[in-house]
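Below are the chains, spelled out letter by letter.
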Amino acid sequence: MAAKSTTRSEGGKVRRVIVVGGGLAGLMTAIKLCEAKVPVDLISLVPVKRSHSVCAQGGINASVNTKGEGDSPQVHLEETAYGGDFLANQPPVKGMAEAAPGIVNMLDRMGVPFNRTPEGLLDFRRFGGTLYHRTAFAGATTGQQLLYALDEQVRRFEVADVTDEHGVSIPGEKMVRKFEFWDFISAILDDSGTCVGCIAQDLKSMQIKAFTGDAVVLATGGCGIVFGRSTLSVICTGTAAAAVYQQGAVYANGEFIQVHPTAIPGADKLRLISESARGEGGRVWVPKDKSDARDPKEIPERERDYLLERMYPGYGNLVPRDIAARAIFKTCFHEDRGVFSPQTGKNEHEVYLDLTHKDEKFLRAKLAGILEIYEKFAGTDPYKNPMRVFPAVHYSMGGLWVDYEADARGSLKMGSPRNHATSIPGLYAVGEVDYQYHGANRLGANSLLSCIYGGMVCGPAAASYQRSMRKSALDLPRSIFEKAERRAEEDYHRILKQNQDRADAENAYRLHAELGEAMLRDCTIERHNDALDKLLGTIAELEDRAGRIKCTDTAARVNQGAQFVRHLENMLVLARVIAQGARNRDESRGAHFKPDFPVRNDAAWARTTLARHEAKGSVKFVREFDYACAGQPVHVTDAVDTSLVAPRERRYEQAGAASAQATGKLEQKST
Amino acid sequence: MAKSSEDQKGRAKAGAAKADAVKAEIVKARAAKAEDVEAKAAPTGTDRLVHLRIRRQDAGDRPETKRWEEFKVPYLPRMNVISALQQIQRDPRTASGKEVAPVVWEAVCLEEVCGSCTMVINGRARQACSALVDRLAPKGEVITIEPMSKFPLVRDLLVDRVRMFEDMKRVRAWIDIDGTHELGPGPRESPESQEERYPLSRCMTCGCCLEACPQYGESAPFVGPFAINLVRLYNAHPSGAMHKNERLETVMGEGGITDCGKSQNCIEVCPKEIPLVDSIASVSRDTTKRLLLGWLLK
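So the sequence lines, in the order shown, correspond to chains V and X. In terms of this note's numbering, the first sequence is residues -6 to 664. In terms of this note's numbering, the second sequence is residues 633 to 930.
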């Protein structure tokens, strides 16, 4: 039996759902909840307008078929499944591909300054893993522009009153209450293991507070900072995912980490140069003569090796990222043919990404955002000189396991409380923190889409869940919340006080640098079991040393040092899930590549990796588990639903291979 | 080797010949490239130190803790102010060897697109991520870092810019859509109009224009250039224009457009080169029209 009122608790308080994270996924979830008349508490580590979604550059996929190429959601679905090497459950992918044109239209209505065709329609460009023009874009800062659009819509709900069943405003209550500069610490679970709120810390006053929510949605992004330097923002430590994983949430496909082929090396960050550079005609090359020290512009065409075009004539520079990154890695590491530097006298781990053959005005209209980044950070004019780039950790396909419910058509059943539900009842996950849409390798420009689509699905799911509740979390004994609050406070004081007098104390930032180096070396593009064994040993050693961390800041307010210790402890937990998952999976699939097991092994490994926290320092991998959603028991296995696109070997050397099922042929399109 | 030195000579010659002809911008980029090469050739930092002078304060309400601290941190290739501050985290000691708490600052994306890490570096408000050490201190000069002065101080280099987000509510910086359900495509827009709107939309709420604006301050009501630019941005959109007057009225009263002192500092410091002065002029014209019309209708 559902509760009497979905607006107020029995005690008369306004019932809310908590959304943690204010990137695209979190904001879209919040908007959908508000439209379903569910008030939201939005908790974010940073002002939501500064979330990591701003870093997305190239665009968002939608098969609008503006160019009359015969693109359709069916083709989009197939290419996404194929690009992901058939590890994604296909009903959610189908739902996403079908919703995509509507999503881009919605963003257009919100005022996103998408680039236009001469007729005033949305322009689309090409991206990796497809031959179709499917990517809508706003210059080369599309993520920023989409984030701003959703941020503005959420701001409207910040000034909108909560109304009761009769449409009467409830004084002092707004649809969205924002808590910015708050750090998620843990979920609050009641005695039955249902999530009824969360603990977060105000990063200014350092106050630890229990938030009561009928459901909690984690939209906390990726975990690239586990790898030290990556293309991710400094906030993407994966701490929230690691926290709820340790509270019992299942983590799926952790070993699938996308390495983006083209980034600018840097001391603090590896800055992304979007795939859109290649989508607009950029070409990747190295000199044929590995000791060629000439200025790249002086090297004639016939003396250049356009490696991707040579290796993959069908898709050329627009092969999916796992393939492009491996090809560049092979060229630089194994063949030692990276760009030669006369200064160091060796071949650097860099290749040219060349746009100098394109008209400057064209480039300014379509790519200014990324070319400006290159100019500012690398100090060279990319309009006139080929850029020098190398692969960098970019995206986590894996994440918290989430459920879905398929409809009769094999698409996603909108409004089912199972969609985006984690294995902890009442806890949802959406965006990069979930594992749902990208299988073993994400296609470019599908992440903005999956974040927004995920939010459009997750909002209604959490609202349905709330309607199914017998009573609000607000009507539970306060002792549950007080206990959780106390535990978090004790843990925070442990971090502040531990090892303060210790002579051999460790520095958290230095440990993090060591973790990052080890993860980058042994757990990215190429993975070897002996190296992974050693890596797991290193992680264990770092965990041990983490116990000796002395917090270098003991201030009572704005203590970033203590916050970082907490994040590092959680990063170590995720590092183990990633590395152990990689160690176990003896095959090569998408971003996970083992030279000793170079082919995909569907018989043994066409399955989702499901990791459960067992104890500190140990991960349990399961083939199946049970959880309850909205009171209904659900049995989950690691089987992958590939009912819509039959798995086949990926062959990007052949044009049209990724869309052969939908088009009924291997077409010979020119690129 | 012979080949490469010849090429270098050739390049230097061509470079010298061109330098006169090309824009100052490109000269700058070239110089930066030379620095970059130097940086790469240099050993990874054990001998070279970066000298920072940082303004610190433990909390906004503790002015007695206001102080300068100096740090000398190991140099890294392609180093920016962020990575210099990160070096302090790894070994938080001042130049004189005193153990201190690491410096507190705000950062997210590190590629100058989120607006977080704005601080005053060598007297100029800018993002710390794009402030490259090789350009600020090619010869090891001291780099001075202070928090922005126009916002309440939180700690060290961290300030509270919440007022900017509040002012975005004031000026109704959004499009009033009917909902997120499927309602078909948005209004058509010419490429020309998109090219006008897009640069305005790149404002990352970083606060540089406010730090530089003589009229903006904690006790002054002026909303500042960034907010006025947003009025122009939303009024330029076909659906946004339907609420043009409401938006104009938000900047017609106290703290609105007439508070602009026309110093034009804002456009000098905007890291995204947003035409803020044009935006202020354009909104000013529109508010004047609106005002006159208001009188006529009275």
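Everything labelled a hint here was simulated from the structure, so no lab data went into it. Among the clues, some could well be false.
Unchecked claim - Okay, derived cross-link-like pairs now, PhoX-like style, lysine-lysine, Cα gap no bigger than 25 Å in a straight line:
#1 X:Lys894 x V:Lys197
#2 X:Lys904 x V:Lys167
#3 X:Lys801 x V:Lys543
#4 V:Lys197 x X:Lys782
#5 V:Lys197 x V:Lys167
#6 X:Lys904 x V:Lys351
#7 V:Lys351 x V:Lys406
#8 X:Lys782 x X:Lys704
#9 V:Lys197 x V:Lys351
To be verified - Anything over 10 Å on all C-beta distances counts as not near chain V; from chain X, calculated:
#10 His683
#11 Glu696
#12 Lys698
#13 Glu702
#14 Ser715
#15 Arg722
#16 Glu744
#17 Val745
#18 Asn754
#19 Arg829
#20 Arg834
#21 Ile899
#22 Asp910
#23 Ala913
#24 Leu925
Said to hold, decoys possible - Which residues of chain X face chain V? A few of them, derived with a C-beta cut under 10 Å, are:
#25 Arg687
#26 Asp690
#27 Trp700
#28 Glu701
#29 Val732
#30 Gly747
#31 Pro770
#32 Gly772
#33 Glu773
#34 Val774
#35 Ile775
#36 Glu778
#37 Pro823
#38 Glu828
#39 Ser833
#40 Lys921
Glycine included, every Cβ here is placed at the ideal spot set by N, Cα and C.
Here's how the hints hold up against the structure:
1. Between Lys894 (chain X) and Lys197 (chain V) the alpha-carbon distance is near 36 Å, which puts this suggested pair outside the 25 Å criterion.
2. For the hint pairing Lys904 (chain X) with Lys167 (chain V), the CA-to-CA distance comes to about 34 Å; that exceeds 25 Å, so the pair is violated.
3. With a C-alpha separation of about 43 Å, the suggested pair Lys801 (chain X) and Lys543 (chain V) falls outside the 25 Å cut-off, and the hint is violated.
4. At most 25 Å may separate the alpha-carbon atoms for a hinted pair to count; Lys197 (chain V) and Lys782 (chain X) meet this at roughly 19 Å.
5. For the hint pairing Lys197 (chain V) with Lys167 (chain V), the CA-to-CA distance comes to about 23 Å; that is within 25 Å, so the pair holds.
6. Restraint check for Lys904 (chain X) and Lys351 (chain V): the C-alpha separation of about 23 Å stays at or below 25 Å, so the hint holds.
7. A hinted pair counts as satisfied when its Cα atoms are at most 25 Å apart, and Lys351 (chain V) with Lys406 (chain V) does not qualify at roughly 45 Å.
8. For the proposed pair Lys782 (chain X) and Lys704 (chain X), the alpha carbon gap of about 28 Å is over 25 Å, so the pair is violated.
9. Of the pairs offered as hints, the one joining Lys197 (chain V) and Lys351 (chain V) is violated, with about 48 Å between alpha carbons and a cut-off of 25 Å exceeded.
10. For His683 (chain X), the shortest C-beta to C-beta distance to chain V comes to about 17 Å, beyond the 10 Å cut-off, and the non-interface label holds.
11. Under the 10 Å C-beta cut-off, the non-interface status given to Glu696 (chain X) relative to chain V holds; the minimum distance is some 15 Å.
12. Its beta-carbon lying about 15 Å from the closest one in chain V, Lys698 (chain X) satisfies the requirement of being farther than 10 Å from that chain.
13. Every CB of chain V is more than 10 Å from the CB of Glu702 (chain X) (nearest about 18 Å), matching its label as outside the interface.
14. For Ser715 (chain X), the condition that its CB be more than 10 Å from all CB atoms of chain V is violated, with the nearest at approximately 4 Å.
15. Once the 10 Å rule is applied to beta carbons, Arg722 (chain X) is inconsistent with being away from chain V; the minimum gap is 5 Å.
16. With a closest Cβ-Cβ approach of about 7 Å to chain V, Glu744 (chain X) is found to fall inside the 10 Å limit, against its non-interface label.
17. Residue-level check failed: Val745 (chain X) sits 5 Å from the nearest beta carbon of chain V, not beyond 10 Å.
18. Annotated as non-interface, Asn754 (chain X) keeps its C-beta farther than 10 Å from every C-beta of chain V; the closest such distance is 17 Å.
19. The Cβ of Arg829 (chain X) does not lie farther than 10 Å from every Cβ of chain V; its closest approach is about 5 Å, which violates its non-interface assignment.
20. Distance check on Arg834 (chain X): its Cβ comes as close as 6 Å (rounded) to a Cβ of chain V, failing to clear the 10 Å threshold; non-interface status is violated.
21. A cut-off of 10 Å between C-beta atoms confirms that Ile899 (chain X) is not in contact with chain V; the least separation is 17 Å.
22. The Cβ of Asp910 (chain X) sits about 16 Å from the closest Cβ of chain V, beyond the 10 Å cut-off, so the non-interface label holds.
23. Ala913 (chain X), annotated as away from the interface, keeps every beta carbon of chain V farther than 10 Å; the closest lies near 21 Å.
24. Every C-beta of chain V lies more than 10 Å from that of Leu925 (chain X), the closest at about 25 Å, which supports listing it as non-interface.
25. The beta carbon of Arg687 (chain X) comes no nearer than 15 Å to any beta carbon in chain V, farther than 10 Å, and the hint placing it at the interface is violated.
26. With a cut of 10 Å, the hint placing Asp690 (chain X) at the interface with chain V holds, because the nearest CB-to-CB distance is about 7 Å.
27. Below 10 Å, beta-carbon pairs count as interface contacts, and Trp700 (chain X) has none with chain V, the closest being about 18 Å; its hint is therefore violated.
28. Given hint, Glu701 (chain X) at the interface with chain V, is violated; its Cβ is 14 Å from that chain's nearest Cβ, farther than 10 Å.
29. The interface hint given for Val732 (chain X) is met, as the beta carbon of that residue sits about 9 Å from the closest beta carbon of chain V, less than 10 Å.
30. About 6 Å separates the beta-carbon of Gly747 (chain X) from the nearest beta-carbon of chain V, less than 10 Å, and the hint is met.
31. Checking Pro770 (chain X) against chain V by beta carbon gives a least distance of about 12 Å; that is not within 10 Å, so the hint is violated.
32. Proximity of Gly772 (chain X) to chain V is violated relative to the hint, the smallest CB-CB distance being about 17 Å (cut-off 10 Å).
33. Because the beta carbon of Glu773 (chain X) sits about 18 Å from the nearest beta carbon in chain V, more than 10 Å, this interface hint is broken.
34. The closest approach between the C-beta of Val774 (chain X) and any C-beta of chain V is roughly 20 Å, which is over the 10 Å cut-off, so the hint fails.
35. Using the Cβ-Cβ criterion of 10 Å, the hint placing Ile775 (chain X) at the interface with chain V is not satisfied: the shortest such distance is roughly 15 Å.
36. Nearest Cβ of chain V to the Cβ of Glu778 (chain X): about 17 Å, over the 10 Å cut. The hint is violated.
37. Taking 10 Å as the C-beta cut-off, the interface hint given for Pro823 (chain X) holds, the closest approach to chain V being about 4 Å.
38. At its closest, the beta carbon of Glu828 (chain X) sits 9 Å from a beta carbon of chain V; the interface hint therefore holds under the 10 Å criterion.
39. With 10 Å as the threshold, the beta carbon of Ser833 (chain X) comes within range of chain V, its nearest partner Cβ sitting at about 5 Å, so the hint holds.
40. For Lys921 (chain X), the interface hint is violated, the least distance from its beta-carbon to any beta-carbon of chain V being 23 Å, above 10 Å.
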